[in-house]
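Asks: Given the coordinates of chain S, assemble chain H onto it according to the supplied hints.
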Amino acid sequence: MRRLELDRRAFLLGVGASISNGILPRDAGAKAFEDDAIFASGFRQKDGSFGLALLSETGDILYRHKLPARGHGLASNLHSQWSIIFARRPGNFALAFDPKNDKEPQLFTTPINRHFYGHGAFSTNGKLLFASENNFETGDGKIGIYDVTDGFTHIGEFGSGGIGPHEIIMLPDGKSLCVANGGIKTHPQFPRTKLNLESMRSNIAFIDAVSGTIKEVHQLPATWSLLSMRHLACDKNGNVWMGGQYEGNAFDQAPLIAKVSLGNALEFIDLPAKQMVGFKNYIGSVSINDNEGVVALSSPKGGQVLVLNSNDGNILHSYMDAGICGLAPLQNKFIKSSENGRFGSIQHQLNWDNHIGVI
Amino acid sequence: MRILAAVIFCILSVFPSAAQVDGATKRVLSNVLINYIQPRYADLQIKSQALKGDIAQLCEIPSDANFKSARLSFLDFANSWAQIEWFRVGPIMSKNRVERILFYPDRKSTGLKQVQRALANEDASVTSFGSLTQKSVAVQGLGALEFILFGTGFEALKSHDGAFRCKFGHAVSQNLTDISNTLVAGWENDGIAAKFWLNPNDENPLYRNDNEALNVLIGTMVHGLEALSDVRIGAFLKDEAKLDRPKSALMWRSENTLAMIISGLSGLEKLFTESGVEQLLPQENSALGESVRFELNQAINTANSIDKAVLELIQSQDDRQKLAYLKLAIGFAISRIDNDFSQQLGLSAGFSFGDGD
Chain S
1165 MRRLELDRRA FLLGVGASIS NGILPRDAGA KAFEDDAIFA SGFRQKDGSF GLALLSETGD
1225 ILYRHKLPAR GHGLASNLHS QWSIIFARRP GNFALAFDPK NDKEPQLFTT PINRHFYGHG
1285 AFSTNGKLLF ASENNFETGD GKIGIYDVTD GFTHIGEFGS GGIGPHEIIM LPDGKSLCVA
1345 NGGIKTHPQF PRTKLNLESM RSNIAFIDAV SGTIKEVHQL PATWSLLSMR HLACDKNGNV
1405 WMGGQYEGNA FDQAPLIAKV SLGNALEFID LPAKQMVGFK NYIGSVSIND NEGVVALSSP
1465 KGGQVLVLNS NDGNILHSYM DAGICGLAPL QNKFIKSSEN GRFGSIQHQL NWDNHIGVI
Chain H
42 MRILAAVIFC ILSVFPSAAQ VDGATKRVLS NVLINYIQPR YADLQIKSQA LKGDIAQLCE
102 IPSDANFKSA RLSFLDFANS WAQIEWFRVG PIMSKNRVER ILFYPDRKST GLKQVQRALA
162 NEDASVTSFG SLTQKSVAVQ GLGALEFILF GTGFEALKSH DGAFRCKFGH AVSQNLTDIS
222 NTLVAGWEND GIAAKFWLNP NDENPLYRND NEALNVLIGT MVHGLEALSD VRIGAFLKDE
282 AKLDRPKSAL MWRSENTLAM IISGLSGLEK LFTESGVEQL LPQENSALGE SVRFELNQAI
342 NTANSIDKAV LELIQSQDDR QKLAYLKLAI GFAISRIDND FSQQLGLSAG FSFGDGD
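Protein chains in written order, with the numbering used here: chain S, 1165 to 1523; chain H, 42 to 398.
Extracted from the complex, chain S is given alone in its bound form:
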C-alpha cells in the first residue's frame, strides 16, 4: 500500500509540473474560441507528447492543452461549465476544462488502487461525474463518483456489473446509466496485457444512477465470449447502440453491432460480409445523430464508418478513410476524425485519439 501511495504522490508531482509548464499557447483564432469551439478531442503530437484540443465545426484547432499521457473519452453537460477528458487505460488522471476558458483546468485522479478506463458521464444536473474504473487488485469493474461542485472530489463508487467497464452513458431518462463491461481484466503491472481472455465475458449493464443498483445485465452469448462490447450511444428512443471488439481469431466474423434497451433483450445487427470485413473485428466509436435518426459506427483498423437507420438498423451508407475513428453529430451528418490527422475537412500534423466530444 505504501508503495502505491508513493507512486501516486510522484505522479501528482509530475502532473503538477506538466500543468504549470505545459499549457500551450492558443492557436490563432483565440477570439473565435469563445463562440465557435464545439468539439474536443485528445491527440498525440509528432514528438510523442499528448494533448487536448478544442476545435471548431470546420475542424480548426482553437485551443490546445498538454496532457500528461494519452487522453481518450470525453464528457460534457449542459448544466456544467466543465468538460472532461479521461486518461486512456490504465491512466489515473482526468482533466476538467472550461470550454469558455473562464476557469483554469483542473486535473484530478482516481483513488489509490483504481485507474480510469477512459470514459465517463455527468449526472443530468451536471453536479456529479461518473467514471468507469478498475479495482485492479480484485479485477472488479467500478463506477467512480466525483463531486463536480467540490473540485472533483471522489465521493464514492458502485459496481459496474462486470469486468473492464469501458464507455458509460447517461440515458435520456436522466436516472439510468448504461455501462459496456468489456469483460477484459487488466492490471497496471502489465499495462496493456489482457489477463483473462480464456474466461472473459462481456455484458451491458443498466444501473440506477442514484442508488447504484444494477437494474439489468445483458450478457453476451457464450458463443461470442471473446467479443468485448466497448462503445455506446443512446438514441432519443432509449435504444442503446453498441460496438464491440473481437479478441479471437481474425478469421472469424464476430457480430460487432447490437442494440439493447431497458426491458428489451440485446439484439445483434446483421451486416453483409463486405461491411463485416471492413470493421476488422474492431469498432472504436459509436455516435448518434437524432436529428436524422441515424447511428454511426467506426473502425480505425478497417478505416470504415457505417451509418445505420436507428429505427430499423438498415445500412444507409458507408464511408472509407484510413484510420478513421472519432465521430460526433454535426447538423444533419457526422464530423469525423482520424488517427492519421484528419479532423473534419482539415489535415493536421497530429494523431487524433478515438473520440470526439461535443462541448
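Be careful, since some hints might not be right.
[Claimed, not checked] Partial pick of chain H residues on the chain S-facing surface, computed with a CB cut under 10 Å:
1. A91
2. P132
3. R148
4. A179
5. A226
6. N230
7. P246
8. L247
9. N252
10. A268
11. V272
12. S389
[Stated by the list, open to error] Derived DSS-like pairs (lysine-lysine); straight-line CA-CA distance at most 25 Å:
13. H:K279 - H:K368
14. S:K1438 - H:K67
15. S:K1291 - S:K1379
16. H:K279 - H:K349
17. H:K136 - H:K109
18. S:K1358 - H:K368
19. S:K1358 - H:K288
20. H:K176 - S:K1358
21. H:K363 - H:K311
22. H:K279 - H:K311
23. H:K154 - S:K1358
24. H:K236 - S:K1438
25. H:K154 - H:K208
26. H:K149 - S:K1358
27. S:K1267 - S:K1230
28. H:K363 - H:K288
29. H:K288 - H:K149
30. H:K136 - S:K1210
31. H:K363 - H:K279
32. H:K368 - H:K349
33. S:K1358 - H:K349
34. H:K288 - H:K109
35. S:K1400 - S:K1379
36. H:K136 - S:K1358
[What the hints assert, rightly or not] Simulated restraints on C-beta separations:
37. S:A1437 - H:D202: 56 to 62 Å
38. H:N345 - S:A1437: 58 to 64 Å
39. H:A165 - S:D1485: 38 to 44 Å
40. S:H1481 - H:A165: 42 to 48 Å
Think of the hints as simulated: they come from the structure by calculation, not from any bench. In this text, a Cβ means the ideal position worked out from N, Cα and C, and glycines have one as well.
Replies: Relative to the frame of chain S, chain H by itself:
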C-alpha cells in the same frame, strides 16, 4: 461461426492457391509462410513429440537420466514456442490455444495453486489428456509442466514415488503435442489459414490490401517486442532493486526466463529477416533493413550476456543495469520498426500498431 463457414466457402472458391501468388508484398507473405510460420510450427511439433516421448519414458522407467532428458525436452519445447508465440494469427487464436500452451502472466498464481492442489489431492482428472483439456487453461500447459519438473517435490519423479506427478506431466505433454499438431495442420499450404494469409482482397477478413497485410506483419513484430519488454522483463525488474519481483518472472524455477526472452527476440528477428520485408523499402532507404536487424541483434546480444537465473541476476547491480539496457535496446528496435521502417513502407503513422480501446 456459420457466418465464418459461409465466408470461408466463398473465399476458397475465389482465392488462388499458394503457387499463384505474385507481387512484392505477396512474395513477402509467402516468405513468412514458408520460411517462418511453417518451419516454426514444424519445430514446435517435433519438440512436442520429443517432450511427450521423454516424459512417457520417465514415467515408465523413472531415473535420474530420464528425468534430465524430460527437463531438457521441456526447455526445448518452451524455447521453440517462444520463437513463434507472438505470431497471433490463425489457429493459435482459436479455442484458447495461446493460453493453453502458456498461461502468463498469472498475477494471482491461479495456475500454480490449481497445480499444487491437483498434486496434493492426486486429482485423477489431470492425468488423462481428455479430462485435462476440460480443466482450467492454467493447468494445461507450460506453467503446470514447469512446476511438475522443477517445482517443489520434483525429486519424486526420479522414482516410482512420483508416478502421479509424472502422469500429470504426461497429460500436459499430450495436450501440447495435440495443439502443435493442430497448428501444423492448420497452416498447410492449401488450408484456410494459408489462403487468408497469402491473399489480401476485399473478402479476406484478415486483410484487404497490401498495406493492411504489412500492418499485420509489422504489428506482430512491434507487439512482440513490447510484450517482451513490458511483460516478460517488466514482470520482475522494477525501478528500484528493492521492488524487484523475481518470482513473478516467467519460468524462474527452470532458470529459463532469459532464454525465453532470447528465443522471443530471435524469433522476431527471424520473422523480420526471413520475410524479406526490407526488400519493399525504397531504394534510397534500403539500408534501413540492416539498421532494424542491428537493433534486434543488439538486444539479443545484451540478453545473451546476462543469461542467468533471475534470482541470481537481480542480486547484481551490474546485471540489473544490463537488464535495464536490454529494455532500452528493445525500445530502440521498436522505434526503428514502428517509426522509421513502417513509414518508409508507406504505412500509416497513426496508432495502428497499438492495441485499441
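Asks: Could you run down the list of hints and mark each one as holding or not?
Replies: Structure-based check of each hint:
For the restraint placing A91 (chain H) at the interface with chain S, the shortest Cβ-Cβ distance is roughly 27 Å, beyond the 10 Å limit, so the hint is violated. Proximity of P132 (chain H) to chain S holds as hinted, the smallest CB-CB distance being about 7 Å (cut-off 10 Å). The criterion of a C-beta within 10 Å of any C-beta in chain S is met by R148 (chain H), whose closest approach is roughly 6 Å, and the hint holds. The beta carbon of A179 (chain H) comes within 8 Å of a beta carbon in chain S, closer than 10 Å, and the hint placing it at the interface holds.
Hint status for A226 (chain H) relative to chain S: violated, with the closest Cβ pair at about 15 Å, above 10 Å. Among the interface hints, the one on N230 (chain H) is violated; its C-beta lies about 17 Å from the nearest C-beta in chain S, farther than the 10 Å criterion. For the restraint placing P246 (chain H) at the interface with chain S, the shortest Cβ-Cβ distance is roughly 5 Å, inside the 10 Å limit, so the hint holds. Using the Cβ-Cβ criterion of 10 Å, the hint placing L247 (chain H) at the interface with chain S is satisfied: the shortest such distance is roughly 5 Å.
Contact between N252 (chain H) and chain S, as hinted, is supported at the beta carbon level, the nearest pair being about 8 Å apart and thus within 10 Å. Interface restraint check: A268 (chain H) against chain S, minimum CB-CB distance 7 Å, threshold 10 Å, status holds. Hint on V272 (chain H) holds. Least Cβ distance to chain S is approximately 5 Å, under the 10 Å limit. Contact between S389 (chain H) and chain S, as hinted, is supported at the beta carbon level, the nearest pair being about 6 Å apart and thus within 10 Å.
Between K279 (chain H) and K368 (chain H), the direct Cα distance comes to roughly 11 Å. Compliance with the 25 Å bound is thereby established for this hinted pair. A hinted pair counts as satisfied when its Cα atoms are at most 25 Å apart, and K1438 (chain S) with K67 (chain H) qualifies at roughly 22 Å. At most 25 Å may separate the alpha-carbon atoms for a hinted pair to count; K1291 (chain S) and K1379 (chain S) meet this at roughly 23 Å. For the hint pairing K279 (chain H) with K349 (chain H), the CA-to-CA distance comes to about 18 Å; that is within 25 Å, so the pair holds.
Our distance criterion of 25 Å between C-alpha atoms is broken by K136 (chain H) and K109 (chain H), whose separation comes to about 32 Å. Taking the CA atoms of K1358 (chain S) and K368 (chain H), the gap is near 21 Å; set against the 25 Å cutoff, the hint holds. Between K1358 (chain S) and K288 (chain H) the alpha-carbon distance is near 20 Å, which keeps this suggested pair within the 25 Å criterion. Proposed proximity of K176 (chain H) and K1358 (chain S) is supported: the alpha carbons are some 20 Å apart, at most 25 Å.
Proposed proximity of K363 (chain H) and K311 (chain H) is supported: the alpha carbons are some 24 Å apart, at most 25 Å. Under the criterion of a C-alpha separation no larger than 25 Å, the hint pairing K279 (chain H) with K311 (chain H) is inconsistent with the structure, at around 29 Å. The straight-line distance between the Cα atoms of K154 (chain H) and K1358 (chain S) is roughly 21 Å, inside the 25 Å bound, and the hint therefore holds. Distance hint between K236 (chain H) and K1438 (chain S) is fulfilled; the C-alpha atoms sit about 18 Å from each other, no more than 25 Å.
About 18 Å separates the Cα atoms of K154 (chain H) and K208 (chain H), which keeps this hinted pair within 25 Å; it holds. Our distance criterion of 25 Å between C-alpha atoms is met by K149 (chain H) and K1358 (chain S), whose separation comes to about 14 Å. Among the hinted pairs, K1267 (chain S) with K1230 (chain S) is consistent with the structure: their alpha-carbon atoms are about 16 Å apart, no more than 25 Å. At most 25 Å may separate the alpha-carbon atoms for a hinted pair to count; K363 (chain H) and K288 (chain H) meet this at roughly 19 Å.
Between K288 (chain H) and K149 (chain H) the alpha-carbon distance is near 12 Å, which keeps this suggested pair within the 25 Å criterion. A distance of roughly 40 Å separates the Cα atoms of K136 (chain H) and K1210 (chain S); the hinted pair therefore is violated under the 25 Å criterion. Restraint check for K363 (chain H) and K279 (chain H): satisfied, since their Cα atoms lie roughly 13 Å apart, inside the 25 Å limit. Pair hint K368 (chain H) plus K349 (chain H) holds up; C-alpha atoms about 16 Å apart against a cutoff of 25 Å.
Only pairs whose Cα atoms come within 25 Å are accepted, and K1358 (chain S) paired with K349 (chain H) is rejected, the gap being roughly 28 Å. Under the criterion of a C-alpha separation no larger than 25 Å, the hint pairing K288 (chain H) with K109 (chain H) is consistent with the structure, at around 23 Å. For the hint pairing K1400 (chain S) with K1379 (chain S), the CA-to-CA distance comes to about 20 Å; that is within 25 Å, so the pair holds. The straight-line distance between the Cα atoms of K136 (chain H) and K1358 (chain S) is roughly 16 Å, inside the 25 Å bound, and the hint therefore holds.
Under the hint 56 to 62 Å, the C-beta atoms of A1437 (chain S) and D202 (chain H), about 59 Å apart, fit the expected range. Distance hint check for N345 (chain H) and A1437 (chain S): the Cβ-Cβ separation is about 48 Å, which falls outside the suggested range of 58 to 64 Å. Remark: the range hint 38 to 44 Å for A165 (chain H) to D1485 (chain S) is contradicted by a beta-carbon distance near 58 Å. Evaluation of the 42 to 48 Å hint for H1481 (chain S) and A165 (chain H) yields a failure: the beta carbon distance comes to about 60 Å.
Checked against the numbered hints listed earlier, the structure breaks hints 1, 5, 6, 17, 22, 30, 33, 38, 39 and 40; every other hint is satisfied.
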